[in-house]
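Peer 1: One-letter residues, chain by chain:
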Amino acid sequence: MNAPDTLLRVQDLTVTFATPRGPVRAVDGLGFAVRRGETLGIVGESGSGKSVTSLAVMGLHTGASVSGSVMLDGRELTGLAERELNRLRGRKMAMIFQDPLSSLHPYYTVGEQIAEHHRVHYGSGRRAARARAVEALAEVGIPEPRRRARDHPHQFSGGMRQRVMIAMALACEPDLLIADEPTTALDVTVQAQILELIARIQEERQLAVIMITHDLGVVARVAHEVLVMYGGRAVERADVDTLFAAPAHPYTRALLDSLPRLDDDGDEPLRAITGSPPSLLTPAPGCAFAPRCSQLAGAAAEKWARCESERPLLDGPAGHPAACHFPTYEGVIS
Amino acid sequence: MTSAEPLLSVRDLRMTFPGRRRAAAPVRAVDGVTFDVAAGETLGLVGESGCGKSTTGRLIVRLLEPTAGSVTYDGRDISHLSQRALKPLRKDLQMVFQDPHSSLNPRQTVARIIADPLLVQGTPAAQARTRAAELMELVGLTPEHLDRYPHEFSGGQAQRIGIARALATGPRLVVADEPVSALDVSVQAQVVNLMERLQHELGLAYLFIAHDLSVVKRVCDRVAVMYLGRIVETGPKEQVYAAPAHPYTRALLSAVPVPDPAVERARERVSLLGEPSQSSRPPARRGDPGSPAVRPPGCALRPRCPKAQGICRTDTPVLRAVEPGAARQVACHFPEAA
Numbered sequence: 000m001n002a003p004d005t006l007l008r009v010q011d012l013t014v015t016f017a018t019p020r021g022p023v024r025a026v027d028g029l030g031f032a033v034r035r036g037e038t039l040g041i042v043g044e045s046g047s048g049k050s051v052t053s054l055a056v057m058g059l060h061t062g063a064s065v066s067g068s069v070m071l072d073g074r075e076l077t078g079l080a081e082r083e084l085n086r087l088r089g090r091k092m093a094m095i096f097q098d099p100l101s102s103l104h105p106y107y108t109v110g111e112q113i114a115e116h117h118r119v120h121y122g123s124g125r126r127a128a129r130a131r132a133v134e135a136l137a138e139v140g141i142p143e144p145r146r147r148a149r150d151h152p153h154q155f156s157g158g159m160r161q162r163v164m165i166a167m168a169l170a171c172e173p174d175l176l177i178a179d180e181p182t183t184a185l186d187v188t189v190q191a192q193i194l195e196l197i198a199r200i201q202e203e204r205q206l207a208v209i210m211i212t213h214d215l216g217v218v219a220r221v222a223h224e225v226l227v228m229y230g231g232r233a234v235e236r237a238d239v240d241t242l243f244a245a246p247a248h249p250y251t252r253a254l255l256d257s258l259p260r261l262d263d264d265g266d267e268p269l270r271a272i273t274g275s276p277p278s279l280l281t282p283a284p285g286c287a288f289a290p291r292c293s294q295l296a297g298a299a300a301e302k303w304a305r306c307e308s309e310r311p312l313l314d315g316p317a318g319h320p321a322a323c324h325f326p327t328y329e330g331v332i333s
Numbered sequence: 000m001t002s003a004e005p006l007l008s009v010r011d012l013r014m015t016f017p018g019r020r021r022a023a024a025p026v027r028a029v030d031g032v033t034f035d036v037a038a039g040e041t042l043g044l045v046g047e048s049g050c051g052k053s054t055t056g057r058l059i060v061r062l063l064e065p066t067a068g069s070v071t072y073d074g075r076d077i078s079h080l081s082q083r084a085l086k087p088l089r090k091d092l093q094m095v096f097q098d099p100h101s102s103l104n105p106r107q108t109v110a111r112i113i114a115d116p117l118l119v120q121g122t123p124a125a126q127a128r129t130r131a132a133e134l135m136e137l138v139g140l141t142p143e144h145l146d147r148y149p150h151e152f153s154g155g156q157a158q159r160i161g162i163a164r165a166l167a168t169g170p171r172l173v174v175a176d177e178p179v180s181a182l183d184v185s186v187q188a189q190v191v192n193l194m195e196r197l198q199h200e201l202g203l204a205y206l207f208i209a210h211d212l213s214v215v216k217r218v219c220d221r222v223a224v225m226y227l228g229r230i231v232e233t234g235p236k237e238q239v240y241a242a243p244a245h246p247y248t249r250a251l252l253s254a255v256p257v258p259d260p261a262v263e264r265a266r267e268r269v270s271l272l273g274e275p276s277q278s279s280r281p282p283a284r285r286g287d288p289g290s291p292a293v294r295p296p297g298c299a300l301r302p303r304c305p306k307a308q309g310i311c312r313t314d315t316p317v318l319r320a321v322e323p324g325a326a327r328q329v330a331c332h333f334p335e336a337a
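Protein chains in written order, with numbering that gives the first Met the number 0: chain A, 0 to 333; chain B, 0 to 337.
Just so you know, these hints were derived from the structure itself, not from any lab.
By construction, the Cβ of each residue, glycine as well, lies at the ideal position given by its N, Cα and C atoms.
Be aware that one or more of the hints could be misleading.
Stretch by stretch, here's where chain A covers chain B in the computed footprint (C-beta under 8 Å, at least three residues) [unchecked claim]:
| id | stretch |
| --- | --- |
| 1 | 151-158 |
| 2 | 179-186 |
Not the full set, but computed from the structure, chain A residues with beta-carbon under 8 Å of chain B [claimed, not checked]:
| id | residue |
| --- | --- |
| 3 | A191 |
| 4 | E203 |
| 5 | L215 |
| 6 | A271 |
| 7 | I272 |
| 8 | P320 |
Some residues of chain B that are not near chain A, with every Cβ distance over 12 Å (derived) [stated by the list, open to error]:
| id | residue |
| --- | --- |
| 9 | L6 |
| 10 | P17 |
| 11 | A37 |
| 12 | C50 |
| 13 | E64 |
| 14 | T71 |
| 15 | Q82 |
| 16 | Q107 |
| 17 | T122 |
| 18 | R171 |
| 19 | N192 |
| 20 | K216 |
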């Protein structure tokens with residue numbers, strides 16, 4: 000490990016799916032690191048590869064070819080046997096999803112489901128596992144945990160179900176929590192509660208968190224560092240303050256400009272981004288954002304030619320790289 | 000609001016659905032909602048899932064028949080008209096849905112989808128097709144794509160088709176139910192701008208139903224905030240957003256994430272306990288959320304409200320002006336000073 004507090008280091012991660020219409024490279028050459036006690040926000044729209052990335056880190060892709068390196072706490076995970084991975088999932092890393100109802104088993108009580116998790120990973124007895132399940136439910140703020148442990152998933156509201164998922168994910172005290180759009184299906188007041196819960200547990204346990212979301216507001220609230228994805232690649236990475244104050248990539252800038260904001264009283268039309276997100280089936284040879292890039296509107300022909308033919312690499316200052324041939328640093332387009 | 004008669008006038012609207020199981024209590028999805036929409040204005044109807052905002056929208060375009068109360072469109076009570084009597088009115092009242100792809104028939108061409116409301120109204124086919132091509136252009140699509148199918152369009156384009164269909168008959172009021180929430184972030188602004196432009200060009204009135212308060216702030220003139228079937232606060236957008244009077248509005252606004260880490264760190268949050276539940280289980284204990292099925296007596300927000308007192312348990316607060324003559328109304332025993 001390079002830095003003592005780096006828990007996860009991903010390098011050159013590529014995930015390819017074979018489809019009837021040809022191979023689709025859903026994630027292409029992705030790299031990032033997550034430190035203990037910190038949150039990495041991965042932002043992107045649908046099809047940007049953010050969820051595929053999280054499943055690849057967990058080793059949950061069957062039928063896709065995954066290459067690159069995923070180092071968790073000094074241990075290489077890619078190429079690890081399924082049995083080995085199973086030992087790490089849960090105890091070292093855990094994941095929560097957008098829709099808790101479809102990730103919970105409808106037939107079993109939530110207590111049984113959390114307890115089973117514990118028994119599988121620690122070999123603890125039924126009684127001890129049950130006690131741990133009740134503890135875990137209490138920890139995530141579910142009132143009357145002993146009684147609620149005997150309820151089935153459908154008896155919980157959306158926010159409470161997500162708390163159950165978090166309880167299950169944390170029951171085996173993992174070091175890394177991957178949260179894939181954990182609050183997207185929830186109401187905004189409930190979202191605030193769940194984000195607060197994750198932040199509290201993170202602080203208590205020095206948990207490393209990967210927060211995957213399409214919502215830049217959520218990222219601004221919880222992340223320490225942010226990775227912006229577009230068309231399966233990282234387009235920009237920076238600490239949260241830099242990213243929002245001085246975005247270097249035209250996509251990040253355009254996205255921030257296009258958002259209606261609660262703290263904005265203006266009435267001018269929103270600065271919309273033209274076009275739609277790219278198709279991964281027919282990737283462009285050059286920059287995936289080029290067709291929508293406002294920086295290229297009216298630009299010189301040679302600039303166009305370069306962006307359209309040459310793929311930009313994630314490059315630039317170590318703390319704030321951007322995959323753009325003409326990034327903006329300190330307000331200046333290079 | 001002007002003294003002239005509003006385009007749409009909703010009075011004490013109620014919709015009760017029977018409980019799903021035989022023993023279950025009926026669900027009062029909309030429980031006495033009153034508001035007006037003037038010609039050419041946008042009223043934003045906001046609230047969390049299960050608050051009855053979509054049901055309200057469906058009652059207004061009469062996809063549902065209300066249990067009680069009235070919907071008056073252009074001076075005429077339409078709340079119990081038959082489908083046949085409604086048909087000529089459908090020209091005026093149209094709807095845009097949340098998920099563009101599931102609201103467009105996958106087996107029809109775009110030309111057919113957009114022309115359909117015209118054909119229903121008896122427009123000759125050739126004329127309807129010409130109009131469909133004009134509408135494609137109006138919403139920023141290429142008229143040459145008329146003979147394509149919905150799956151050939153992206154989400155944002157499909158929503159433009161949905162909007163074109165809604166505009167085909169030249170409506171005066173469009174009920175838009177979460178029109179941008181299923182779209183990618185980078186595409187939402189396009190559709191918001193399109194809807195605003197169309198409003199100016201065509202003089203449309205919108206009932207804009209959404210849970211995203213940032214979008215509503217952008218597009219609306221006035222807002223109405225719903226909680227468990229009732230409007231808890233309503234008024235001009237500037238006033239409601241700058242100084243929310245109802246504890247629920249305050250909590251809702253303070254929970255919306257702002258895409259700016261510096262702002263986020265400096266913000267103060269107003270917390271509510273629990274969450275609004277859609278289950279029909281009676282609330283078992285204190286701090287448990289209410290539900291539209293089993294409304295606690297008094298204020299529906301009381302179990303979650305940080306300001307609740309004795310009177311909130313016994314008396315249901317009525318929507319009334321914050322001060323005499325004010326455009327802003329709030330239903331709370333202890334509203335914040337405006």
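Peer 1: If you check each hint against the structure, which ones fail?
Peer 2: Hint check: 4, 8, 12, 19 and 20 fail, others pass.
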